[in-house]
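Protein chains in written order, with my numbering: chain A, 1 to 196; chain B, 1001 to 1396.
Errors might be hidden in some of the hints.
[Unchecked claim] Listed next, the stretches of chain B that the computed footprint assigns to chain A, with coverage defined by at least 3 CB atoms under 8 Å from CB atoms of chain A:
id	segment
1	1175-1189
2	1274-1288
3	1354-1368
[Claimed, not checked] Derived list of chain A stretches under chain B, where covered just means 3 residues or more per stretch with a C-beta under 8 Å from a C-beta of chain B:
id	segment
4	38-45
5	61-71
If you're looking for bench data, these hints aren't it; they were derived computationally from the structure. Given the structure is predicted, the values throughout are model-derived calculations rather than measurements. In this text, a Cβ means the ideal position worked out from N, Cα and C, and glycines have one as well.
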Amino acid sequence: MIMPLPHGDEMIEIRFHGRGGQGSVIASKILAKAFFMEGKYVSSFPYFGVERRGAPVTAFTRVDDKPIRAKYQIYEPDYVIVLDPSLLKAVDVLRGLKKDGWVLINTIKPPEEVKRELKHEKIATVDATSIAIRHHLGSQAAPIVNTAILGAFARMSGLVKIETVMEAIRQAAPAKREENALAAKEAYESVVMGGE
Amino acid sequence: MVKMILTGNESAAWGARLSRPKVIAAYPITPQTSIIETIAEFIANGEMDARYIRVESEHSAMAACIAAQNTGVRTFTATSAHGLTLMHELLIWASGARLPIVMSVVNRAMAPPWSVWTDQLDSMAQRDTGWMQIYTENNQEVLDSIIISYKVGEKHHILLPTMVMEDAFILSHTSEPVDVPEQKMVDDFLGEYEPAFKLDPDDPAGFGSLIMPEGPYMEFRYKMALAMDAAREEIRKVSQEFGEVFGRYYPGLVEEYRTEDADAIMLVLGTIGSTAKDVVDRMREKGKKVGLARVRYFRPFPFEEIREIAKKADMLGVVDRSYTFGYGANLYAETKSVLYGHSDVPVKNYVMGLGGRDITPEIVEKVFDDMLKIAREGQVDREIEWVGLHGDERWS
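Make the full structure from the sequences, and use the hints.
Structure follows, in structure tokens:
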């Protein structure tokens, strides 16, 4: 049975912040795929720009119980996912985020510490960088954290099962499929939720 | 049928792959490039049996498609903006030579200033080239329209090329679930390509020769005009056949949404139509009687449908994502032209979203409210209005 989304009739909108080359756009697609595998309607898209390696990149995922006709950008997301902690100083990651929306950040810091620099209640953190390195995803210097962060999102949001996220990763990851899936599992188990 | 999550460009590549063109000649340009990259991958993986010709420009891409199609095979190409306008000369050749080539066009703004975002001036500037033009609202329609376009164009009483438009990024780079039909079903639906004529060493003929003024040049053009007119009925027929086979029914040349009993109807091309459907639903809940007509085919122009639509409302608002410098934008000008002598309904042109400026539900609702006001008052305040210009408080 397909469970209805907890947001009532409202579409769920998710925004990813990363840097070019980190896989934010692929993460937005894999997350869409996971929701789709659970019977939801989805769409995902990058910020309509010309991305360069290292520059801030934004990507989006929409999820709904009914077909998605919205063909415009996302301004007031329900969730924000930050793949690179250095972006907190470079980009206003809270822009438009709904007041009761969650921010998930890849950082070694606990949520309480992040709150000192980021004025928001619901913050979750996960050390996706260390997880990615342990699973040999990318290099020590440039680990690929995009799959780990999706596991943490599954736990933080409760909207999609970790098993589905792992399966979507196995089907869609360009390489090291099982390692990517296991990284998601580890992040699912280690994400720290603040503000609950 | 397999459900995949595809971008608009991947959907276009799948539409081409399933239609089995034998030659693809293309030149990369943002935001089209991932169409031909995906096709190149299909060919390299042995999943598509076609010759991929790399060329040095879009002009050459169309020249290569024309030459290949003249030998009696299906061809496909894709382009955007400056690439499309560079092709202009050869577009007229392709239709004049009566070659049913299918091309994906990712609608992108023309420079200067440089912009890779969506805007329909590039394809509107090809209005008079003799190509059929279809504007799509989602990735499923992109894929399906390519198959349908081969079927319609290749009919021997039509023999005209088609461009299938996608709004840049809004479709080209957005992933959505898409039903990808079985190859066999598409093979059965399309059949083998049967050229009406072809270059054949055993049966030599000259194509495109010089014709004196007393020769049949004018008759050739008249036959093209008749073929384009006949395409209207063929599009309706093939859309119906497509629905019977694949279960997705496309409403011919114009898709109407809640137009019955509407006070004001908005005419649009492309993805604005998709967003506007949500707005129509929301406004209807508030008792505001608005409707939408998404014009799918701009060529041939659906004059009969638009005359019928004009009977249903007290006002028509025509949204254009391009402009014809001089007077009014294309969809507006054509709409008014076909209504002249048939309807006194007020028509207003809203020029919006140029250079990819985002068209949100909020701005669409404001346009609908303006339309309802005109419907009540019975006359337009101004015939042409640019919506959402910086500093214009009317729309902010």
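Count the residues of the segment 1354-1368 of chain B whose CB lies closer than 8 Å to any CB of chain A, then report whether that count reaches three.
holds (count 5)
Count the residues of the segment 38-45 of chain A whose CB lies closer than 8 Å to any CB of chain B, then report whether that count reaches three.
holds (count 5)
Establish whether the coverage given for the segment 1175-1189 of chain B by chain A is satisfied; the threshold is a Cβ-Cβ distance below 8 Å, and no fewer than three residues must meet it.
holds (count 3)
Coverage of the segment 1274-1288 of chain B by chain A (three or more Cβ within 8 Å):
Check passed, 4 qualifying residues.
Stated coverage of the segment 61-71 of chain A by chain B [criterion: 3+ residues, CB within 8 Å]
As far as the segment 61-71 of chain A goes, the hint holds, because 4 residues have Cβ atoms under 8 Å from chain B.
Hint violations for this structure: none, all hints satisfied.
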